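Protein chains in written order, with my numbering: chain A, 79 to 383; chain B, 108 to 551.
Since the hints were made in silico from the structure, they are not lab data. Just so you know, these numbers come straight off a predicted model, no measurement behind them. Please note that the accuracy of each hint is not assured.
Pair ranges (Cβ atoms, derived) [what the hints assert, rightly or not]:
no.	chain 1	residue 1	chain 2	residue 2	range
1	B	Glu-508	A	Asp-197	35 to 41 Å
2	A	Asp-199	B	Lys-306	23 to 29 Å
3	B	Ile-475	A	Arg-171	53 to 59 Å
4	B	Glu-507	A	Ile-89	51 to 57 Å
Think of the CB as a built atom: it goes at the ideal place given N, C-alpha and C, for glycine as much as any other residue.
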Amino acid sequence: MNSTLLATIVILTVIGIVVAVVLYFVAQKFKVEEDERIDLVEACLPGANCGGCGSAGCRDFAQRVVAAPEIGSLFCPVGGNDVMQKVAKVLGREAVAQKKMVAVVRCNGTCENRPRTNDYDGLASCKVKAALYSGDTGCRYGCLGCGDCVAACKFGAIKMNPETGLPEVDVTKCTGCGACAAACPRGIIELRTTGPKDRMVVVLCNSKDKGAVARKACKAACIGCAKCQKVCPFEAIKVENNLAYIDFNVCKLCTKCVSECPTGAIHKFNFPEKPAAPAAAPAAPVEKAAPAAVKPEVKAKEVTE
Amino acid sequence: MITFKIGGVHPHDNKIAKEAAIAPLAPPAKVAISMAQHLGAPATPVVAKGDKVLVGQVIGEPSGFISGFVHSSVSGTVAAVEPRADIAGNLVPHVVIDVEGDEWDPAIDRSEAIVKEIKGTREEILDKIKACGIVGMGGATFPTHVKLNPPAGKTAEFLIINGAECEPYVTADDRLMREKPEGIVIGAAIMAKVLGGCKCFICIEENKPEAIAAMQKACSGYPGIEVLKLKKKYPQGGEKQLIDAVTHRQVPSGALPIDTGCVVQNVATSYAVYEAVQKNKPLFERAMTVTGQCVPEPRNFLVRLGTPLSFVLEAAGGVPEDAAKFISGGPMMGKAVANMDATTQKGSSCLLLLTEEQTRRKPESNCIRCGKCTDACPMGLEPWLLNKLSRAGGQYEALEENKIFDCIECGCCLYTCPANIPLLDMIRINKAEVMKIIRSRAKK
Chain A
79 MNSTLLATIV ILTVIGIVVA VVLYFVAQKF KVEEDERIDL VEACLPGANC GGCGSAGCRD
139 FAQRVVAAPE IGSLFCPVGG NDVMQKVAKV LGREAVAQKK MVAVVRCNGT CENRPRTNDY
199 DGLASCKVKA ALYSGDTGCR YGCLGCGDCV AACKFGAIKM NPETGLPEVD VTKCTGCGAC
259 AAACPRGIIE LRTTGPKDRM VVVLCNSKDK GAVARKACKA ACIGCAKCQK VCPFEAIKVE
319 NNLAYIDFNV CKLCTKCVSE CPTGAIHKFN FPEKPAAPAA APAAPVEKAA PAAVKPEVKA
379 KEVTE
Chain B
108 MITFKIGGVH PHDNKIAKEA AIAPLAPPAK VAISMAQHLG APATPVVAKG DKVLVGQVIG
168 EPSGFISGFV HSSVSGTVAA VEPRADIAGN LVPHVVIDVE GDEWDPAIDR SEAIVKEIKG
228 TREEILDKIK ACGIVGMGGA TFPTHVKLNP PAGKTAEFLI INGAECEPYV TADDRLMREK
288 PEGIVIGAAI MAKVLGGCKC FICIEENKPE AIAAMQKACS GYPGIEVLKL KKKYPQGGEK
348 QLIDAVTHRQ VPSGALPIDT GCVVQNVATS YAVYEAVQKN KPLFERAMTV TGQCVPEPRN
408 FLVRLGTPLS FVLEAAGGVP EDAAKFISGG PMMGKAVANM DATTQKGSSC LLLLTEEQTR
468 RKPESNCIRC GKCTDACPMG LEPWLLNKLS RAGGQYEALE ENKIFDCIEC GCCLYTCPAN
528 IPLLDMIRIN KAEVMKIIRS RAKK
């Protein structure tokens with residue numbers, strides 16, 4: 079018994095050693111020279127493989143960064159400047175700081191603003207809906223509301239608001255990878271930089287219809303009146319095809335256009351709410367989405383007085 | 108009795124408007140005539156605001172090889188030439204005309220007399236069909252003059268006149284066959300002459316015995332034309348299915364019917380050809396069914412093209428209280444109407460009203476691989492597989508290998524699916540993508 083056991087152990091050990099030696103020499107012979115910095119860079123990256131940088135995944139991006147002479151425009155939008163600093167440290171190069179990009183949904187066609195003209199009962203996919211017809215409202219440019227962008231987001235940064243029927247972006251979670259913008263068949267979602275404290279001024283409309291047509295379909299539509307263009311002191315706003323567009327690289331967040339817009343199509347985001355009157359300071363400052371009925375009415379009255 | 112071999116389903120035919128004679132509908136106060144009433148490039152408008160037009164006058168000219176003439180369906184003044192929403196809400200150029208009186212182009216023969224003698228050479232007849240804007244009236248609206256002029260080296264052995272009308276509810280072709288059988292037969296004879304004197308079959312499904320009797324009577328003087336009775340099965344009226352049923356020939360994947368020596372034309376097209384060649388009447392009105400269980404009195408109308416759908420519905424008694432969905436065409440292949448201000452076109456055979464209960468989609472569940480969709484597919488495809496690949500996203504090569512482009516979008520798979528999976532919705536958008544890829548490859 080013992081001799082059998084011993085023989086087995088010895089034979090297997092010998093086979094193991096022989097194979098290990100053979101494999102070692104084979105591995106030496108066919109060794110692929112790979113820059114070890116690729117692994118180090120990859121370790122710095124978020125590992126989401128989202129493709130937001132334009133590469134096929136995080137490893138592909140690491141290879142590109144290592145191979146490139148300068149970091150230059152190569153940028154991981156998900157990791158942002160922090161990750162790029164780490165990558166630069168590994169490679170001993172200079173990282174070019176880039177502004178954070180976030181997605182904005184340029185449509186404010188809420189159920190209230192944009193009355194439904196028909197009911198869609200087909201497959202819940204914007205892509206299918208857009209291929210079938212012009213949508214369940216009078217607007218041919220607005221949000222279709224089936225949530226293809228929500229399904230595309232890997233970071234849980236975009237959610238459907240059941241009250242408005244529109245997707246809402248959580249700026250703190252959004253990495254600016256652009257998956258939602260690519261998923262939207264109407265091209266409503268735009269990637270843009272933000273100002274300090276994530277402040278933004280955006281035209282929340284995508285309608286290129288003439289003013290009367292756009293207004294008939296949606297109360298909050300941009301009618302292309304160009305009042306914002308005239309009031310803007312920095313020439314950041316251009317009206318083309320009956321639609322105003324604010325160039326986020328030029329905009330200085332003065333918010334003059336917001337109060338000028340006759341349809342309320344221009345919105346400001348993440349600005350501190352001004353107390354309406356000292357006496358009527360709201361109990362809890364609520365951002366956007368006014369709560370139910372009574373309070374806002376009272377507030378509005380006081381403001382008009 | 109004959110029918111096609113592969114697949115097919117048997118929906119209830121619901122031909123509730125079959126006893127209503129085709130009633131001419133007076134033109135509305137204003138018509139909007141679409142310039143995209145045919146397959147291919149939209150016509151170019153040749154009238155401007157303020158122009159006076161007569162019934163039958165050309166208002167749009169073809170802008171390509173696969174394109175067609177568009178004629179005014181009313182007399183009056185052109186109010187606008189502008190983009191307007193079609194039934195799907197997409198903008199298409201329209202000519203809007205304010206109707207004044209009903210003055211026809213004097214060249215049109217408005218008498219009731221039937222003209223039997225076929226005059227003119229092949230080329231003259233083809234020119235006439237083109238000039239009168241005749242397109243396939245079964246729904247695909249392919250320009251008829253192109254179909255009747257097969258490419259060099261290909262000859263037609265059989266002309267198949269499609270009176271199958273396999274779509275449930277629709278009765279416009281049935282009524283036309285019962286009321287105007289002589290015209291249809293003469294139209295068929297004209298097309299057979301253009302195709303070089305080929306054998307002609309008029310195919311009608313068994314659920315239209317009156318139409319079969321009327322057509323058989325009208326065919327008596329024409330030895331080359333025969334009426335065939337078909338078994339009732341959807342989608343018998345599909346071009347490829349009809350060729351299979353009549354000749355037992357299969358149109359190969361990617362080929363055209365003419366490759367099997369067949370040309371298929373709808374009965375309404377045949378009648379339009381008769382009117383164009385013998386009566387000099389362009390295509391500006393057609394038979395259209397307004398039907399549905401909720402419609403108090405289902406009717407068949409002879410409508411002028413460009414009449415708003417809401418006007419047609421008003422003539423049939425207005426919108427019933429329980430109507431939930433309007434469909435242009437039949438329930439199987441028709442399109443839901445998103446805009447009732449849209450107007451009738453050369454391909455509008457039916458306006459169907461369904462109730463909430465009839466249209467409700469049942470909740471979708473998982474595919475249990477029962478294979479019902481594969482059995483039902485008349486093109487021999489595997490809809491469950493195409494759906495699976497479509498949902499995976501980006502699987503265009505695999506979809507092409509599985510012949511997604513052969514799908515005729517008949518909806519049999521969706522009709523049979525016990526799990527209520529929207530198979531056709533998924534297949535349709537991916538078919539469009541694959542077709543795009545194939546076309547871009549051909550360009551290179």
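Lying within 53 to 59 Å: is that true of the beta-carbon distance Ile-475/B to Arg-171/A?
-> Once the Cβ atoms are compared, 57 Å apart, the range 53 to 59 Å for Arg-171/A and Ile-475/B holds.
At the C-beta level, are Asp-199/A and Lys-306/B separated by a distance inside 23 to 29 Å?
-> Check failed, 46 Å falls outside 23 to 29 Å.
Is the gap between the beta carbons of Glu-507/B and Ile-89/A within 51 to 57 Å?
-> holds, 55 Å
How does the Cβ-Cβ distance of Glu-508/B and Asp-197/A compare with 35 to 41 Å: does it lie in that range?
-> holds, 37 Å
Violated hints amount to a single one, hint 2; each of the other numbered hints is respected by the structure.
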